[in-house]
Every structure is written in C-alpha cells, then in structure tokens.
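These are the residues of each chain, in order.
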Amino acid sequence: MRAILTVIWRLLAFVGKELVETLRRPGAILSLILGPFLIMAIFGAGFNGIRRELETIVVVPTSDQLPTEASDYQELAGPALHIADVVQDRAEAEARLRAGEVDVVVVAPEDPEGAFRAGKRSTIEIVVDEVDPVAENYATILGSTLANAVNQRIIERAVEEGEGYALAAAQAQASAIPADVVSAPTEARLMNLAPQAPTVTSFFGPAVLALILQHLAVTLVSMSLVRERSSGVMELFRISPVTASEVLTGKVLAFGLLGFVVAGLTMVLLVNVLGVPSIADTGSLALVFGLLLLASLGLGLLIAVVSDSERQAVQLALLTLLASVFFSGFVLSIDQFTPPVRALAYALPVTHGIRLLQDLMLRGTTNNLWEFGALVAIAAVTLVAAWALLRRNMRTA
Amino acid sequence: MDAVTIDRASKRFGDEFALTDVTISVREGTILGIIGPSGAGKTTLVRLMTGALAPTEGEIRVMGEDPLRFKRRTRERVGYMPQSFALYPDLTTRENVDFVASLFGLLWWRRRRRTRQVLETVDLWSVRDRRAGKLSGGMQRRLELASALVHDPAILFLDEPTAGIDPLLRTTIWEELSRLRDDGRTLLVTTQYVGEAERCDAVLLISDGRVIAAGTPDELRRTAIGGDIVEVETAGPIDTSVFRQVEGVGRIEQRGPNQVRITVSDAATMLPEIVEAITSAGGEVATAAEARPSYDEVFAILVERSRAAQPKPQDGEEQAA
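Chains as they are written, first to last, in numbering that gives the first Met the number 0: chain F, 0 to 396; chain D, 0 to 320.
If you are wondering where the hints come from, they were derived from the structure by calculation, not from laboratory data. This structure is a prediction, so every number in the text was calculated from the model and none was measured. Built from N, CA and C at the ideal position, the CB exists for glycine as well. Please note that a few of the clues may not be correct.
Said to hold, decoys possible - Derived, one-sided and incomplete: chain F residues facing chain D with beta-carbon distance under 7 Å:
1) L4
2) T5
3) W8
4) K16
5) A83
6) R237
7) I238
As the list claims (entries may be wrong) - Here are the in silico distance ranges between beta carbons for each label pair:
8) D/R130 x F/E309: 47 to 55 Å
9) F/E309 x D/R7: 37 to 45 Å
10) D/R130 x F/I3: 28 to 36 Å
11) F/L318 x D/T55: 35 to 43 Å
12) D/E289 x F/L11: 55 to 63 Å
13) D/R129 x F/L343: 43 to 51 Å
14) D/L67 x F/L318: 33 to 41 Å
15) F/N392 x D/K70: 15 to 23 Å
16) F/V313 x D/W124: 34 to 42 Å
17) D/E174 x F/L318: 49 to 57 Å
18) F/V313 x D/M0: 44 to 52 Å
What the hints assert, rightly or not - These stretches of chain D come out as covered by chain F in the derived footprint (C-beta under 8 Å, 3 or more residues):
19) 48-54
20) 84-92
Using the sequences plus the hints, can you model the full thing?
Okay, here's the thing in structure tokens:
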C-alpha cells in the first residue's frame, strides 16, 4: 500500500513541479503560441502549388442514351479531372463522395435536348464534399471549365452540321431560343455536401489549433527534460528511487493537462471570437486532443533524450515545427508530395491532428479513422523509445 | 560494522584513470572527509559509491549492497548532495525540498514536518517562499544540503557542502553534520578546505586519482610530520647539536638564531627532556611548546611526498594529463 502511495506521490510531485515551473514563465508560453502564427503567415504568403487531378464520377440520367465509358468524358473533362467512373445512380455517387473515395461528382443534366428546345439552359451539377474553401473554389473553376468544354463541343457540332446542331435540334422553336442559351446551352452549378460552408478561418482554425498543441507539447516537455539532464538533476534522479517511467509519466501527465487547458481555451477563442464552427461532439474532440498531445509529448521526450544540450533540443523542436508547416497538410495538400515525403508527413502527429480536427469540427465525423490509430502508434513508438533511452541514461555511466 | 567498503576500485574515462586502486572502509556512524585538490578524483569516488558510475575495476559495497544494484528501499536511505546546483530555480525553497522529499518516498504528513525541520536547520526557513534562482550561492548550497537531508537518510554523500559558504555558516553546517553522525548516520564529505579534516572521524587524502593517505586526523598529521613537533625559543643563540643527544629526536629545523623546530616521537614525554638538554648545555629556554602544524601544511607535505614517490615518466613518454 505504501509503495503504491509513494509512486502516486512521486508522479504528483512531478505534475506539480512541471506546472508551477511552466506557469512561472508566461513569456515562454506566449512566444510558443505566437511564434507558429508568425512562421505560418510568412510561408503561406509565398505558397503557389499545383494540384493533383481530382477523382471524378459522372452521373448520367437513366433516360438518356449517353455513353457510359469513362474515356468518353475524359476529353471533355480536361487534365484537372480524372473520370474514375460513369454511373446512373446519383445517390451511389454521392455516397462514394461522402466516403472520400472520389473528389467530385459531375451530374449530367436531365434531357438537355428538351430543355434546349424549350429555350432553357441546362445545368451541369458539380457536387463536392469540401471543408477547404480553396478546394471548393477549385471545384467551381473546374465545373465552369467543364461546362465551357461542353458548350464548345455543342457549338462545334452546330458549325460542322451546316444549319447548326442547335437549330436542327430546336426545329420550329428555334426562333424562340434566347441567344445566350444558343451560345451556352449548359452551365455549371456547384453543390457542396459539407455541413459547413467553408471559409478560410473555419478551415485553418482547427489546423492552427493542432499546430499549437503539437508545438507547445514538443517544446515544453523537451526543454523540461533536457534542462534536467544538463543541470545535474538527473544525477539526483539516478541516485533516488525514482524510475525512468515515473519521470516520463509525470511529465506526460503535467504537460498533457496543460495542453488540455490550452486546447480548451483556444477552442473557446476559435468558436466565440473567430467564429469557427464546431459540430464535433466533446468526447471525440477530447480523444483527438488527448492522442495528439500524447504523440506530441512522446516526440518531445524523444527529442530531449537524444539531445546533448538545451540548444540542440531547441533546434530539433524548431525543425519539427518547420517540417509540420511544410508537410502536415497545413498549407500544402499531402497528396502533392512524393511518397517518401508523405511518409515523413504521416510520422508527424500534427498531420493527423489537423485532418481529424478539421473533419470533426467542420463535418462532425471523419472517414479517416485510421488516423486515430496513427496517433496511437506515434505515441507508442516515441514514448517507448524515449523511455528506453532515458532508462539507459539514468543507469550508471 | 562498515557502511562502505571499497576494494581496489579504479575508474577509467577513455584512456585516462580518474581513480586508481582505491581501497577504503568506512565505519557506520562516522564522518569520512575526502580531501584533495580540484580534479583529484573526489567527485568520481563519491559517484562510484552512489552507483552513478560503475567502477572499471574493483568492488564497492554500500550498506552491504553493490551500488549499481541498489534496491529501491536502499535508495530511499541514501542522501546525496551534488557538487553543482541541481535544483529548480523557478521553484521556491520549500517547493524544491518538498519535491526531493517526494522523490525519496516521503508521504505528505511526514514531508511537511521534515521540510520545515531541515530548512530551519540550514537557516533557510525565513526564505522558504523565495524562488531558488533568487537565492545567493551560499543559500543555494544550503538548500541542496536541506534537500539531501530531508528524507533522513542513513548514509549521506555530500560533495563539497561548504563550498562558497561563509566561515560562520560552515561551522553551523559542520555542527549539524556532527549531530547527524551522533545520531548514527554515516557521512562521506568531500571538501577542498583542508582545515575541515579536523572535524572528521577519518580522512582520505586524494591526489591525482590516488589515495595518498588515510586515517584519523591525528594519524595523518603524524604520518606527514613523522611524529610530533616541538618549537623552542631560547634567550640566546642555540647550538642544535645538543638535541642529537636526546633519544627520539628526528628532524631539527633551525628557524632563526634563537628558534628551532624539532620533530619528536612523542611531544608529551620528550618536551621536558629537550628543555633539560638546553639547560644542561648552558642555554636558557624562553618558550618551549608542542606545535600543531595546520592541515594545509600536512596536506602539502603528503602530496609532495606522494608525487616524489611516483615513477617519473621516461624520456619521450607522455605524462597523462
């Protein structure tokens, strides 16, 4: 009984000590939160990327005798869209869109010929499920491009067929067709299935939060441990009955608690001051915060045990931040990186934190459940490695 | 019973021996002073005994256990004060002691009482709420001492506890160390203040990684000097040959026309014989008394003697740094 009490007491001693030490350096906390914003602003201003082609399903009406081969639509779609499939069931296409299998669903208009005869413009619906405002805008542009390509094709055929495809199709009613319908028989209309209309603030808010949490956890915990290693406190730990696992658990609990408080306060600011919507349930959010903090603390502890000095730990923490800004999907989509770099991106806790927080806050759910597992894996690997190295370090020299 | 036994222990860092062939034993309930110049190997010896370092050769036992394999309960009975300040500057004096007490397994009801006790002992209770980083160097050493004492250890390793502390407080600290010894605790204290050897039950002199002398303070003095010293001043010039007739007289040092310093086997019995020899030779004794050379002198003699006894490096052979 006494042994259990003493272990608990040691852990609580670490928790108390870490919290008091950290709170007595408010300047450090302030710079930790403001620093990432500054770097991100500079990088974001200079970014100009090229997107991958979007996976697309074309939905053709059941009543029409339109072709059902993807290749028939690829030329019209252009290089930015890859026609993955042509289906007749719109609901099925939208389900695949919601599941994240494809990026865009293009719905061909019902009876365009009839509409044209009636002097009405047909609408090509472009359906996306996007919380990223940049991606949504991109889909709008692609939709317009597609509609223009269809219109161009119709006009070309009109010219090729002498009297014109449009007039032939309209026959007697041709004179009643407005000129703008003749020149552009179809138009594109974007439809977004996401429950929240995407804005820059709502999209980047959760990402900034994830980045703050990772940076806070990595920096605070690595500085705390590396300072103890360089100051000689580790010598005291070596001689005292405290174990490496107790040292690490104490730090994880302390900085985890601190991270939760920062996460809660930042959420309040994001939602109430910046107006970022959040439809996530509290339990899921807490789970993401917890796993993100755990994985980030593991990374920070690993940095601390491999660093020779406080300076080296600071450099490694900054490199982690830079890598996070570049590769986590914060600004550049991860899909735009080569597979080895993508692997690096997936090794960063913030990559998964950003995606999960954006999904949960803006969609209320996520298709990327594996990212919870990825955070658990990162936490497990880094914490075990840090424990093994610290244990060796705490053993006799 | 011996609290510590070390048998032919050596410690090598790379190609260089920091300690060579150390053999000592420390009785329970005594203070062993480990004295030597900076870089002599005192801290290495302490770290070997605490288990922070593994010996390259030899065997070490502390409280009957190999320090490298101390049980958790044994560790709770060991106190350690490192040479450099190794506490938390952002925590207050009391919080630092409280934290160390927790590390050593003190539960709250005992911790609170012990924290106050040790802070009062080292005269830091009045600054208990001041951050450690704001304390003076001397106060920080006392804070570390308090932290080493807080869990009431059976054996204490103190690495230069009085460094940077004013003489008055050094006296207080040594009184506290003596009190701990009287309570049955074993203390191993390193110091550069040679004069502090007098306060120890046994002294280990270390130089260049070797033990050059070990024993009680008196034994060490006699080893260095080769006996006791008698200082004599006469009314007129003195002929030192008169002392050769006295049995047990060793070295004779003429320190002035009327002053002489004589090494004798036993000052108490030989002082009257020396006075008699002067009087018999027609001299008149102004003063005659036993002189106690300072430990600085004793230490210097022993170190010089040890260095002279070391084999000199051959031509072309580099002396280890």
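Quiz prompt | Hints that the structure is at odds with (numbers, increasing) | solution = 5, 8
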